[in-house]
Amino acid sequence: MTLQTRAFACPSKYVQGPGEIENLAKWCADLETTRAFAVITPSFVDKLSSMLTQTFEAEGLMITCEAFGGQTTRTELDRLAAMAGEADADVVIGIGGGKAMDAGKYAGIQTGAAIVTVPTIASTDAPTSALSATYTETGEHAGSIYYKRNPDLVLVDSQIILDAPAKYLAFGMGDALSTYFEAKAHVDSDTKNRVRAGYKTPLAAMALSELCYTTLMTEGRQALADVKNHALTEAVEDIIEVNTLLSGIGVESAGCAGAHSLNSGFSALPECQKASHGEIVAFSTICELVLEHYDQKTLEDVLAFNQDVGLPLTLRDIGLSRDDTESLKKVAEKAMTTKHIAAVPVETSPEILVDAILKADQIGADWRESHQ
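For reference, each letter of the sequence shown is one residue, going 1 to 372 in our numbering.
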C-alpha cells in the first residue's frame, strides 16, 4: 500500500471582529512591513483613506491608497501592480469585494509583497484564496490566476459586514453551501487537492468543511435575520467566519467539484448574468446532490435552507428556463471542460449533467409548491 502525501493551505493569520479595520496598521506592523499599498473598492475610498493614513502613520508606516477600477481585467491588474511597485510597497492590501481583493492579491504577488485582504461583504471565500479571477472588458470570465501562497493576513471587520445589504451574507452562504459536498467528492473520488502539485485532502480540511455545513444549517437562518435587523450577534459572527474562512479552507485544501463545474457553465450564459456567484452555486449544489444520488434527508435539508434564506431552488431563479435545451446543453458542455469535474465521484457526461440539472429543477419546483 502506497501512502499519499497530504497538504493543507490557508492564510497565515485570520482576524475577525467589530472595528478591526482600525487595527489594520497594527496587524501590518506585525508583518514587519513599512510601506503599504491599498487597493480599495470605490465606495470605500472616501470612508477609509483618511483613517488609514492616520492609523498607519501612528505605527510609523506609510500607506498609499488607490481606487479599484471595478473589473479585474489584465489591464487593471497590471496597472495596480505597477503602482504598488512604484510605491515600493512591501505589503499590498485589497479592501472591498472579491474583485478588489483579487486585484490586491495580484499586485502583491507581482511585487513580492505581503498580501492582506479586507472584505467589505461576506459574499464569497475570496479573502482566503490563492487566486485571482480575471474578466474581459465586457465582463466575461477569462480564467483564474493561481498562486503558490495564500494571503498573509485576512482581516474582517464584522461591523462593516453588518452594514452591507443582507443579501450579500445570503450569497456567501450559497457559496459556502457547496464546500462540504465538494470536499467529500474529492475524498470519495480520491482526487488530489490544489495545494501546489496536488495532494490528498487532509483530515483537518474535511473536518472544517463539515463544520462549515453544519454551522450553516444551525445558524444561517438566525444570522440572516439578525443582519436584517442590523444586530451583530454571535450567529452573525459565526456565519461570517463560515463564509470567509471555513469555506475558503475547504476550497484551498480540498477543492471544488460538481457545483463549481456547473457554476462555470451557468455563469457563462448571458441569461444568468444577473445572478450572483453564490446564488448560482446554491442551485448547482442541489444539482450536485442529485448527480451524486444523495439521500432524501440531505436533499430536503438543503432545499429547506435555500428556501428559508432566499437562495435559488430552480433554474428560473437564476434566469433560465428548463425548456431552453440549447442553453442547458451549453452549461453541461462547459462544465465538462473544467478541471473540477474530475472530482465528481460518479460517471459524468453532458447528457448526465443535463439530466441532473432538470431533475434538480423539478425537485426544487415541487418543494416550493408543497412548502409555500
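Since the hints were made in silico from the structure, they are not lab data. There could be a bad hint or two in this list.
Distance condition first, Cα-Cα at most 27 angstroms in a straight line; then the derived BS3-like pairs of lysine-lysine [as the list claims (entries may be wrong)]: (1) Lys274 - Lys334; (2) Lys339 - Lys359; (3) Lys228 - Lys167; (4) Lys330 - Lys297; (5) Lys13 - Lys274; (6) Lys192 - Lys339; (7) Lys334 - Lys192; (8) Lys330 - Lys47; (9) Lys330 - Lys274; (10) Lys359 - Lys329; (11) Lys167 - Lys148; (12) Lys47 - Lys13; (13) Lys192 - Lys274; (14) Lys26 - Lys13; (15) Lys47 - Lys200; (16) Lys330 - Lys359; (17) Lys297 - Lys359; (18) Lys339 - Lys148; (19) Lys228 - Lys148; (20) Lys339 - Lys329; (21) Lys192 - Lys47.
Derived CB-CB ranges, DEER-like [stated by the list, open to error]: (22) Glu57 - Asp301: 32 to 42 angstroms; (23) Tyr147 - Met62: 48 to 58 angstroms; (24) Arg74 - Asp301: 20 to 30 angstroms; (25) Met62 - Thr218: 38 to 48 angstroms.
All values derive from a computational prediction rather than experimental measurement. For each residue, glycine too, the CB sits at the ideal point set by N, CA and C.
Outcome of the hint check:
1. A distance of roughly 19 angstroms separates the Cα atoms of Lys274 and Lys334; the hinted pair therefore holds under the 27 angstroms criterion.
2. Distance restraint check for Lys339 and Lys359: the Cα-Cα separation of roughly 24 angstroms lies within the 27 angstroms cut-off, and the hinted pair is therefore satisfied.
3. Distance check on the hinted pair: Lys228 and Lys167 sit about 9 angstroms apart at the alpha-carbon level, within 27 angstroms; holds.
4. For the hint linking Lys330 to Lys297, the alpha-carbon distance of about 31 angstroms lies beyond 27 angstroms, and the restraint is violated.
5. Simply put, Lys13 and Lys274 have alpha-carbon atoms about 34 angstroms apart, too far for the 27 angstroms limit, and the pair is violated.
6. A threshold of 27 angstroms between alpha carbons decides the hint, and for Lys192 with Lys339 the separation of about 11 angstroms falls inside it, so the pair holds.
7. For the proposed pair Lys334 and Lys192, the alpha carbon gap of about 21 angstroms is at most 27 angstroms, so the pair holds.
8. For the hint linking Lys330 to Lys47, the alpha-carbon distance of about 43 angstroms lies beyond 27 angstroms, and the restraint is violated.
9. For a cut-off of 27 angstroms, the pair hint linking Lys330 to Lys274 stands: about 18 angstroms separates their Cα positions.
10. This hinted pair checks out: Lys359 and Lys329 have alpha carbons roughly 14 angstroms apart, not beyond 27 angstroms.
11. Taking the CA atoms of Lys167 and Lys148, the gap is about 32 angstroms. The hint is violated against a cut of 27 angstroms.
12. At roughly 25 angstroms between alpha-carbon atoms, Lys47 and Lys13 fall within 27 angstroms of each other, so this suggested pair holds.
13. For the hint linking Lys192 to Lys274, the alpha-carbon distance of about 33 angstroms lies beyond 27 angstroms, and the restraint is violated.
14. The hinted pair formed by Lys26 and Lys13 meets the criterion: a straight-line CA distance of about 13 angstroms does not exceed 27 angstroms.
15. The suggested pairing of Lys47 with Lys200 is violated, with an alpha-carbon distance near 44 angstroms, which exceeds 27 angstroms.
16. The straight-line distance between the Cα atoms of Lys330 and Lys359 is roughly 17 angstroms, inside the 27 angstroms bound, and the hint therefore holds.
17. At roughly 16 angstroms between alpha-carbon atoms, Lys297 and Lys359 fall within 27 angstroms of each other, so this suggested pair holds.
18. Our distance criterion of 27 angstroms between C-alpha atoms is met by Lys339 and Lys148, whose separation comes to about 18 angstroms.
19. At most 27 angstroms may separate the alpha-carbon atoms for a hinted pair to count; Lys228 and Lys148 exceed this at roughly 38 angstroms.
20. Straight-line distance between C-alpha atoms of Lys339 and Lys329 comes to about 18 angstroms, which keeps the hinted pair within the 27 angstroms bound.
21. The hinted pair formed by Lys192 and Lys47 fails the criterion: a straight-line CA distance of about 43 angstroms is larger than 27 angstroms.
22. Checked against the given bound of 32 to 42 angstroms, the beta carbons of Glu57 and Asp301, roughly 51 angstroms apart, lie outside it.
23. Between Tyr147 and Met62, the C-beta spacing of about 25 angstroms breaks the proposed range 48 to 58 angstroms.
24. Separation of Arg74 from Asp301 is about 42 angstroms and departs from the stated range, judged on CB atoms against 20 to 30 angstroms.
25. Checked against the hint of 38 to 48 angstroms, the pair Met62 and Thr218 passes, with Cβ atoms roughly 45 angstroms apart.
When held up to the earlier numbered hints, the structure conflicts with 4, 5, 8, 11, 13, 15, 19, 21, 22, 23 and 24 and fits the remainder.
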